[in-house]
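Chains A and B, in that order, are what the protein sequence lines are. Sequential numbering from 0 applies to the first sequence in numbering that gives the first Met the number 0. Sequential numbering from 0 applies to the second sequence in numbering that gives the first Met the number 0.
In short, the hints are calculated from the structure, not lab data. Among the clues, some could well be false.
[Unchecked claim] Per label pair, the in silico range of CB-to-CB distance:
hint	chain 1	residue 1	chain 2	residue 2	range
1	B	185	A	74	30 to 36 Å
2	B	149	A	95	45 to 51 Å
3	B	160	A	73	34 to 40 Å
4	B	270	A	5	21 to 27 Å
5	A	48	B	171	33 to 39 Å
6	B	313	A	69	37 to 43 Å
7	B	267	A	72	32 to 38 Å
8	B	151	A	70	41 to 47 Å
9	B	149	A	22	27 to 33 Å
10	B	345	A	74	52 to 58 Å
11	B	185	A	22	35 to 41 Å
12	B	167	A	73	36 to 42 Å
Every residue gets a Cβ at the ideal spot worked out from N, C-alpha and C, and that includes glycine.
Take a look at the letters that make up each chain.
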Amino acid sequence: MLYAILCYHDEDMVGSWSKEQDAAVMTRLAVVHDKLAQQGRLGPVARLLPTTAATTLRKDDPPVVLDGPFAETKEQLLGFYVVDCKNLDEALDVARDLGKANPGGAYEIRPVGLFTPGSVPK
Amino acid sequence: MTDTAWIDNALTSARPQAVGALLRYFRNLDTAEEAFQNACLRALKSWPQNGPPRDPAAWLIMVGRNVAIDDIRRGRKQEPLPEDDHAISDTDDAEEQLAERLDGSHYRDDILRLLFICCHPDLPATQQIALALRIVSGLTVKQIARAFLVSEVAMEQRITRAKARVADADVPFETPGAVERTERLAAVAAMIYLIFNEGYSASGDTAEIRSPLCEEAIRLARLLLRLFQSEPEIMGLTALLLLQHARAAARFDADGVVILLDDQDRSRWNSKTIAEGLALIDKAMRHRRSGPYQIQAAIAALHARAEKPEDTDWTQIDLLYGALEVMQPSPVVTLNRAVAVSKVRGPEAALELIEPLAARLSNYFHYFGVRGAFLMQLGRNEEARVAFDRAIALANTSAEAAHIRMHLDRLMRDSQPRGAKAGK
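Isolated chain A, as found in the complex:
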């Protein structure tokens, strides 16, 4: 089963990381990524640009385009993973590993219903 791991964190806080802090987090995360990739379980991974770069399309009739993210929340969706796991326990294990590498905030773990691997180059 594929699980999406949605990464929520306080954007202000992540934004106040120094370059060194940011790089250190990315290095620690890379270790977790590599392990999953070697096991053939790592799907697409995305780190999203800040919510200030976000635009929301409300599907009204006619659709309305709004600046900013869909929801104003204390913690923002900053990225996501798709990981192949046998069950929720395994997915939680992955999330715990990721959390050790990048503490703070929260992961939302959601089973994936439909998955199209896509074709965009890296």
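Fit chain B to the supplied structure of chain A, relying on the hints for placement.
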């Protein structure tokens, strides 16, 4: 990341919101700042033991407010208590309550007010910037002094003077109306741009010391944009800062000499920062409400999009500078436009464009640098040499002078006209 690093980040990111709310409450910058400092001290004690609060800013506001009220009650302060005085206990429930009460529109105007106070028109630009970096960003006096290349004592005085002026000034604490909010926003945007320029205009040895100013300006611009998500000019400002800063690593050689845009190693540009800048200017243009920051960002975007200097869309840049000239007539804008004109229509047309600026820019380094470059391209080497000599005399930094000297050396080497580099 250690515990302390995490707490530092939380305190830094909560600061504008917390100090802004405390200022609304106490209506006094010093009291608000002190209340925040006290709250931070308690956070350093409490958070490692009790874990992080759900909403650090709300926690700091509540604790800071209580401590300050206690101080006032104990008579350590001579200030009257604020009217709205129901004490809040230091419990989780209260935190949630307060967070909800403060959520939404208050925060926005609190932070804007805090920033706006720093750019009070009575304050000279340097004091505005210093005050904002101290109060809003929370940089230490030592850090700010370093970035401004002055002594800590001098900077302390500058900030104290600025605070005194602000205290005397009548800053309205009511929720601002729409027109007032727009005016505040424009003043604050200008100040953020100034902070950025302080860092960006540095060169040589000082570039590295001062570049945190650029990062701080970007942080403030993003903060402002999060509060005013649909303001195209704030998108433009943020995009402009990001696109300029993306080139930081390529702008100087090992000796600290400026590398012009054409000669920069574009692989050293920060592609992630560029992507964010392009996304923002893209969003801004959709609003079809153009403004100076958007236009400058659009120009920076055209440079950023060009993989090689030859790919630069100079025709479009010429048009954009033309639009900027209409919006913000300035000889410096015309001078920049002339560089684009020289690429599109040649150095003769460009020279013609800047000729009328001579009187107004007679003490402006870049005028003579650009003029010399055009003349050199036209093979008018003697006149070029005169212009370059004048530029060197007017250079503000050794890097600027070194750069012009390079042109002069080239003139000495070959009398043949050749494709000179012009631009900023």
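Evaluated hints:
Evaluation of the 30 to 36 Å hint for residue 185/B and residue 74/A yields a pass: the beta carbon distance comes to about 31 Å. Taking the beta carbon of each, residue 149/B and residue 95/A are about 49 Å apart, inside 45 to 51 Å as hinted. Between residue 160/B and residue 73/A the CB atoms are about 38 Å apart, so this pair conforms to the stated range of 34 to 40 Å. Taken as a hint, the range 21 to 27 Å holds for the pair residue 270/B and residue 5/A, whose Cβ atoms sit roughly 25 Å apart.
One distance hint, 33 to 39 Å for the beta-carbon pair residue 48/A and residue 171/B, holds here, with the actual separation near 36 Å. In this structure the hint that residue 313/B and residue 69/A lie 37 to 43 Å apart at CB holds, the actual value being about 39 Å. Residue 267/B and residue 72/A have their C-beta atoms about 36 Å apart, which keeps the hinted 32 to 38 Å range intact. For the pair residue 151/B and residue 70/A, the beta carbons lie near 44 Å from each other, so the given range of 41 to 47 Å is met.
In this structure the hint that residue 149/B and residue 22/A lie 27 to 33 Å apart at CB holds, the actual value being about 31 Å. Between residue 345/B and residue 74/A the C-beta distance comes to about 55 Å, which sits within the given range of 52 to 58 Å. Hint check: residue 185/B to residue 22/A, Cβ distance near 36 Å, so the stated range 35 to 41 Å holds. Residue 167/B and residue 73/A have their C-beta atoms about 37 Å apart, which keeps the hinted 36 to 42 Å range intact.
Checked against the numbered hints above, the structure breaks none of them.
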